[in-house]
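Dock chain S against the given chain B, drawing on the hints supplied.
Read top to bottom, the protein sequences are chains B and S. Under UniProt numbering, think of the first position of the first sequence as 1, with each following residue one higher. Under UniProt numbering, think of the first position of the second sequence as 1, with each following residue one higher.
Just to be clear, a hint being listed does not mean it is correct.
Claimed, not checked - Straight-line distance between alpha carbons at most 25 Å, and here's what the computed BS3-like set of lysine-lysine pairs gives:
no., chain 1, residue 1, chain 2, residue 2
1, S, K208, B, K123
2, B, K229, S, K35
3, S, K251, S, K226
4, S, K226, B, K67
5, S, K251, B, K67
6, S, K208, B, K117
7, B, K251, B, K79
8, B, K117, S, K123
9, S, K229, B, K67
10, B, K67, S, K250
11, S, K229, S, K251
12, B, K250, S, K229
13, S, K251, B, K229
14, S, K67, B, K251
15, S, K117, S, K20
16, B, K229, B, K208
17, B, K208, B, K251
18, S, K123, S, K20
19, B, K226, S, K67
20, S, K123, S, K35
21, B, K67, B, K79
22, S, K250, B, K117
The hints are simulated quantities; they were obtained by calculation from the structure and are not laboratory data.
Protein chains: 2
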Amino acid sequence: MKLVCIGSGNVATHLSLAFKAMGADILQVWSRDVKRAGILAALTGSRATSNWSEIDRNADCYLIAVKDDAIASVAAELKEVRGIVIHTSGTTPLSILQGSGSGCGVLYPLQTFSASKAVEITKVPFCVEANSPHNLELVTALASLISPNVYPVDSAQRKILHLSAVFACNFTNHLYAIGQQLLEANGLNFDMLRPLIQETALKVQSSKPSEVQTGPAVRHDEQTLKAHKQLLEGSAEWSQIYEILSNSIKKAHP
Amino acid sequence: MKLVCIGSGNVATHLSLAFKAMGADILQVWSRDVKRAGILAALTGSRATSNWSEIDRNADCYLIAVKDDAIASVAAELKEVRGIVIHTSGTTPLSILQGSGSGCGVLYPLQTFSASKAVEITKVPFCVEANSPHNLELVTALASLISPNVYPVDSAQRKILHLSAVFACNFTNHLYAIGQQLLEANGLNFDMLRPLIQETALKVQSSKPSEVQTGPAVRHDEQTLKAHKQLLEGSAEWSQIYEILSNSIKKAHP
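Only chain B is shown next, with the shape it has when bound in the complex:
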């Protein structure tokens, strides 16, 4: 499998290293920033470029891992290639790739990638989609190289997955950050909260979150809810978040 990687960020890096480790041949890394392309090219034993005219036209797959709003312009540069053009975005429809390459597909990893932290790629669910059954087989085979968890998901479902991931990952991380700030403002160490955060996430690995809800809101413990609102009087923003989420929990658990 010959791959060209378009992009040099966290997703491009994690995916191309995983493909490389499974024996794929990374031909090139393209990035607007040729220095960053150079770093990933060195890591994957490939060539770096920021010049579209230098793109190898004979790869099997062109993996686009750039910001969502750059996908259309990148795809437009890949009209003439022989392989299949694949993006990795949660929200972007497959149709944005129409007319590029010999076909198009999506390979969306439902995971959060950081520069500093290794991810166990075999545990990552990959959502795949393509413009034909044959190309879906190809994208599925590509994803299966690095993870056993490959799911065919259409563009509409993928948007829902991305949205649910925002709730379960981006918003939860922000709530961790609010916890961190509450502690630090009161001379307490965020270390104290870390085991609780981990246990909360581990608990829903074998249970449904709606069935293991704890806290004052699910108990309709108005006295504690009131005391917490008083502690938050200094921040209209956090107070509002507290109220809305508590009311939503109470509504879900009447």
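Here is chain S on its own, set in the frame of chain B:
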């Protein structure tokens, strides 16, 4: 160490089993519900009672693990005992125990306990407080029996800890539940979201949450934020949660 356990719920069960395992002598379990007291008494090799007149007055510690609003009435029944009376609540001040036993303290485990899931008790942070340095030593020694993570925390700080735990645990679990419902309503399996949830919690074990925030809001990706709001048009509640948390993330990462 001779203990009497007041309560028979999740916290009472996890703590008394941990103390028993570390060699403490559980004399009695008191519960309003004598059947539940009987189950925990059988597990800890102790006697069950729902009758205050039968309480052993010569234990070293009386550990209260009942609902917050029942602590005062329970403490009133423990005026005449010889040992120290300790509650395990995050929000209740130490002062509610004044006049009970030969002294009073708090031993608050900063963790979420479920009936169905074992907790690695040695990883749980215990917040301790007492009415005198001598009693603080005693409560610290008691907590240290089962966990190396024991922190002296006063009543005001403990309230903040409990509040931050609501944000980082109860609210995040509710956001998991919203993700679960979004998926299920669209024919998708919650399994797909589980690895992301775990990774999000694991990431902040070594990083500060504010430093590893991801998602459309932190990138100020207005196009995706707008698309997500459209997907949520059917639910005023989730739409409001999405907007408030996204705005809070944008404000924290300008």
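The hints, checked one at a time:
For the hint linking K208 of chain S to K123 of chain B, the alpha-carbon distance of about 24 Å falls within 25 Å, and the restraint holds. For the proposed pair K229 of chain B and K35 of chain S, the alpha carbon gap of about 37 Å is over 25 Å, so the pair is violated. With a CA separation close to 17 Å, the supplied pair K251 of chain S and K226 of chain S stays within the 25 Å bound. Proximity of K226 of chain S to K67 of chain B is assessed by CA-CA distance (about 16 Å); at most 25 Å being required, the pair is judged to hold.
For the suggested pair K251 of chain S and K67 of chain B, the alpha carbons sit about 21 Å apart, so the restraint of at most 25 Å is met. For the suggested pair K208 of chain S and K117 of chain B, the alpha carbons sit about 13 Å apart, so the restraint of at most 25 Å is met. Straight-line distance between C-alpha atoms of K251 of chain B and K79 of chain B comes to about 51 Å, which puts the hinted pair past the 25 Å bound. Between K117 of chain B and K123 of chain S the alpha-carbon distance is near 23 Å, which keeps this suggested pair within the 25 Å criterion.
Simply put, K229 of chain S and K67 of chain B have alpha-carbon atoms about 20 Å apart, close enough for the 25 Å limit, and the pair holds. Simply put, K67 of chain B and K250 of chain S have alpha-carbon atoms about 18 Å apart, close enough for the 25 Å limit, and the pair holds. Restraint check for K229 of chain S and K251 of chain S: the C-alpha separation of about 18 Å stays at or below 25 Å, so the hint holds. As the CA atoms of K250 of chain B and K229 of chain S are separated by approximately 23 Å, the hinted pair is consistent with the 25 Å bound.
Restraint check: the Cα-Cα separation between K251 of chain S and K229 of chain B comes to about 21 Å, which is no more than 25 Å; the hinted pair holds. Only pairs whose Cα atoms come within 25 Å are accepted, and K67 of chain S paired with K251 of chain B is accepted, the gap being roughly 21 Å. The straight-line distance between the Cα atoms of K117 of chain S and K20 of chain S is roughly 18 Å, inside the 25 Å bound, and the hint therefore holds. Annotation: proposed proximity of K229 of chain B to K208 of chain B is violated, straight-line Cα distance about 28 Å (limit 25 Å).
This hinted pair checks out: K208 of chain B and K251 of chain B have alpha carbons roughly 17 Å apart, not beyond 25 Å. Our distance criterion of 25 Å between C-alpha atoms is met by K123 of chain S and K20 of chain S, whose separation comes to about 17 Å. Between the alpha carbons of K226 of chain B and K67 of chain S the distance comes to roughly 16 Å, so the proposed pair stays at or under 25 Å and holds. Proximity of K123 of chain S to K35 of chain S is assessed by CA-CA distance (about 31 Å); at most 25 Å being required, the pair is judged violated.
Distance check on the hinted pair: K67 of chain B and K79 of chain B sit about 19 Å apart at the alpha-carbon level, within 25 Å; holds. Taking the CA atoms of K250 of chain S and K117 of chain B, the gap is near 24 Å; set against the 25 Å cutoff, the hint holds.
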